[in-house]
Structure formats: structure tokens, C-alpha cells
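Take the sequences, apply the hints, and build the full model.
Chain by chain, the residues run as shown.
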Amino acid sequence: MDALIEKLKGQIIEQLNLVELKPEEINPDSPLFGEGLGLDSIDALELIVLLEKHYGIKIEDPKDGKTIFQSIRTMAEYIKAQGKS
Amino acid sequence: MKKHIISYAHIKQNQVSVNGTIMFSAAPSTTLPEFLTELYKSMGISYPKFHKMDALCKLGILCTEFALKDTTFLADNPLNKIAVVLSNASSSLETDRRHQQAIDDKSNYFPSPTVFVYTLPNIIIGEIAIKYKITGENAFFVSEKFDAGLLVSYTEALFSEQTQAAVCGWIEVDNGAYEAFIFLTEIQENTNKNTNFKPLNQLTVIELYNQTIWTH
Numbered sequence: 001m002d003a004l005i006e007k008l009k010g011q012i013i014e015q016l017n018l019v020e021l022k023p024e025e026i027n028p029d030s031p032l033f034g035e036g037l038g039l040d041s042i043d044a045l046e047l048i049v050l051l052e053k054h055y056g057i058k059i060e061d062p063k064d065g066k067t068i069f070q071s072i073r074t075m076a077e078y079i080k081a082q083g084k085s
Numbered sequence: 086m087k088k089h090i091i092s093y094a095h096i097k098q099n100q101v102s103v104n105g106t107i108m109f110s111a112a113p114s115t116t117l118p119e120f121l122t123e124l125y126k127s128m129g130i131s132y133p134k135f136h137k138m139d140a141l142c143k144l145g146i147l148c149t150e151f152a153l154k155d156t157t158f159l160a161d162n163p164l165n166k167i168a169v170v171l172s173n174a175s176s177s178l179e180t181d182r183r184h185q186q187a188i189d190d191k192s193n194y195f196p197s198p199t200v201f202v203y204t205l206p207n208i209i210i211g212e213i214a215i216k217y218k219i220t221g222e223n224a225f226f227v228s229e230k231f232d233a234g235l236l237v238s239y240t241e242a243l244f245s246e247q248t249q250a251a252v253c254g255w256i257e258v259d260n261g262a263y264e265a266f267i268f269l270t271e272i273q274e275n276t277n278k279n280t281n282f283k284p285l286n287q288l289t290v291i292e293l294y295n296q297t298i299w300t301h
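Which chain is which? The protein sequence lines are A and B, in order.
According to the numbering used here, the first sequence is numbered sequentially starting from 1.
According to the numbering used here, the second sequence is numbered sequentially starting from 86.
Derived by calculation from the structure, the hints in this document are not laboratory data.
Do not take every clue at face value.
Unchecked claim - Computed footprint of chain A on chain B, listed as stretches where at least three residues anywhere in the stretch have a Cβ under 8 Å from a Cβ of chain A: (1) 131–139; (2) 196–203.
Claimed, not checked - Quick list of in silico lysine to any residue cross-link-like pairs, SDA-like style, CA-CA up to 20 Å: (3) K53/A x D190/B; (4) K53/A x K97/B; (5) K137/B x K63/A; (6) K216/B x I42/A; (7) K53/A x S238/B; (8) K137/B x Q15/A; (9) K218/B x D40/A; (10) K22/A x S131/B; (11) K134/B x P31/A; (12) K53/A x Q186/B; (13) K134/B x G38/A; (14) K216/B x G34/A; (15) K58/A x A112/B; (16) K216/B x G38/A; (17) K22/A x Y132/B; (18) K22/A x K134/B; (19) K137/B x G36/A; (20) K137/B x L21/A; (21) K66/A x S30/A; (22) K137/B x G56/A; (23) K88/B x S238/B; (24) K137/B x G38/A; (25) K53/A x F195/B; (26) K191/B x E46/A; (27) K134/B x E25/A; (28) K191/B x L39/A; (29) K137/B x I13/A; (30) K134/B x E35/A; (31) K22/A x P133/B; (32) K134/B x L45/A; (33) K63/A x L45/A; (34) K166/B x I272/B; (35) K22/A x E123/B; (36) K134/B x E46/A; (37) K53/A x F201/B; (38) K134/B x Q11/A.
Note that the Cβ used here is the ideal one computed from N, Cα and C, for glycine as well.
Here it is as C-alpha cells:
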């Protein structure tokens with residue numbers, strides 16, 4: 001799980017151009033939206049693309065996004081639950 | 086009441102000129118992305134959203150930042166009465182091409198939402214409005230070359246309504262070539278405010294646009 005979290009951190013920094021952030025500065029349990037990383041709605045779409053592009057996971061129901069994208073840890077747990085890690 | 090240009094900034098050939106004086110210069114070999122990052126870092130500002138923008142918006146934000154530097158423009162004018170009037174020749178073509186490349190290969194079809202949102206040139210206006218909390222009128226024109234008359238006449242028309250000040254200019258990026266020129270203009274009841282201010286008219290804007298002597 002820890003390896004997947006670290007990999008996700010790097011992919012999120014790259015995909016969302018968070019160039020001022022280093023992986024070690026990201027708390028895997030911090031909220032991705034609002035406080036924490038402060039991502040916006042466009043970033044949410046970018047995370048959906050990231051899951052599809054790198055892990056072959058399609059989020060069919062947008063409502064699931066709220067749970068999946070709570071934090072990097074919840075993203076990692078979802079990927080693992082899908083058997084795609 | 087007179088309309089004056091109170092400050093202007095010009096960016097091209099990896100140099101930045103503010104009110105006619107070169108304030109920043111990078112090596113001629115520096116690419117546009119490298120130059121924009123170098124310039125951003127040199128300004129000592131922290132605006133993480135900057136890194137998500139396309140080159141056109143980065144250029145527009147940085148040029149506006151330089152034009153605003155050392156002015157009281159935002160404090161002197163109600164934010165809902167400041168207009169943003171911009172123009173360029175290539176619209177958002179640079180980013181349009183990036184998006185096209187992302188959707189060309191149907192077997193590797195992953196268009197980026199972050200790229201797609203910049204496939205309109207007036208997004209620069211939105212980025213400037215968000216950063217400086219400006220909520221006045223706005224317009225973006227596409228013309229073959231820098232057209233001072235167009236910018237001045239449209240801004241004059243806005244001044245006859247509710248607008249009291251405007252961020253105007255030219256922000257162009259195409260195939261690595263780029264240029265940005267921003268001037269700030271406002272209505273002044275007290276014309277003695279600063280004798281260095283220039284009157285707003287087409288000839289003055291052309292003069293300011295051609296004023297800088299670029300060193301490379």
C-alpha cells in the first residue's frame with residue numbers, strides 16, 4: 001500500500017502540475033479538495049483521467065468520486081480493491 | 086475627467102520592460118516555458134495555480150503583474166469597475182494544438198481536462214480576473230496584429246458607461262514565438278495626480294508599445 005501511495009503522489013504531482021510540491025510534503029490522509037491539497041473541479045476530472053490512463057479504472061458513477069477522491073490513501077485503497085495496483 | 090495610462094509592461098525576446106525600462110532579461114536561447122518559470126520565480130510570488138496554466142495565461146498573468154507592480158491601481162478603483170480588454174492574433178491555437186494531439190490517437194485517447202479548459206483565448210481574462218478579483222466588463226479580440234486603435238476605442242466606449250479603469254493589451258503565443266504588452270488606464274478627476282501619466286489615445290499607446298529598446 002505504501003508503495004502505491006508514493007507512486008500516486010508522483011503521478012498526481014505530474015498530472016496536475018503541482019510543481020511547487022514535493023511528494024514528502026503530501027500527507028496521504030489530507031483531503032484532496034478544499035483544505036489539504038486545495039484541488040478544484042478541473043483537477044477532479046484530471047484525477048479521473050489519471051485512474052483510467054494509469055490503472056485502467058473507469059469511474060462509471062460520478063457519485064463514487066466523493067469517496068474515492070477523499071485523499072490519496074482512499075484512492076490507493078480503491079485501486080487495490082479493483083485489483084489494479 | 087481625463088483618462089490616463091498609469092503604467093505599462095512589455096514582454097518579448099526573453100526580456101521584460103516596465104514603463105519603457107528593461108527590468109528582467111534571460112538568455113536568448115531560453116525557451117518560452119523555461120523563461121516563464123524563470124520569470125515567475127524571479128518575482129517572488131506564490132500562486133500555485135500559475136503552474137497549471139497554459140503559456141498564454143502565464144504570459145498574461147506575469148505581464149499584468151509587472152504592469153501593476155508599484156501602482157495603487159487596484160486600490161484606487163472599485164474592482165467591479167475595472168475592465169479587462171485583451172487581444173491577440175493566434176487566439177488559443179497553441180493550446181488547441183496540444184489538445185488535438187491528445188485526441189488524434191484513438192487507441193491512446195486521454196484528453197486532458199486541464200489542457201482543454203485553455204482552448205479559448207478569453208480564459209486569460211478569467212485568470213487575471215480571478216487573481217486580482219476584478220469583476221468589471223471584459224472583452225477579447227482577435228486581430229492580425231497589435232491594434233492600438235481597437236483597444237483604445239473599445240475601452241473609451243466602456244468608460245462612457247460604468248467602467249472607471251481598465252487592464253488592456255496584447256497577449257500572443259504561437260509556435261514558441263510570443264509577445265505581451267499590458268497597459269493600465271483609469272479615469273482621473275484629479276489630473277495633477279502624477280505628471281508622468283500619459284493620456285489615453287491611439288498615438289500614445291503606439292508610442293508606448295514601440296518605446297522599449299530591446300537589447301537582444
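Violations among the numbered hints: Failing hints, ascending: 4, 5, 7, 15, 22 and 28.
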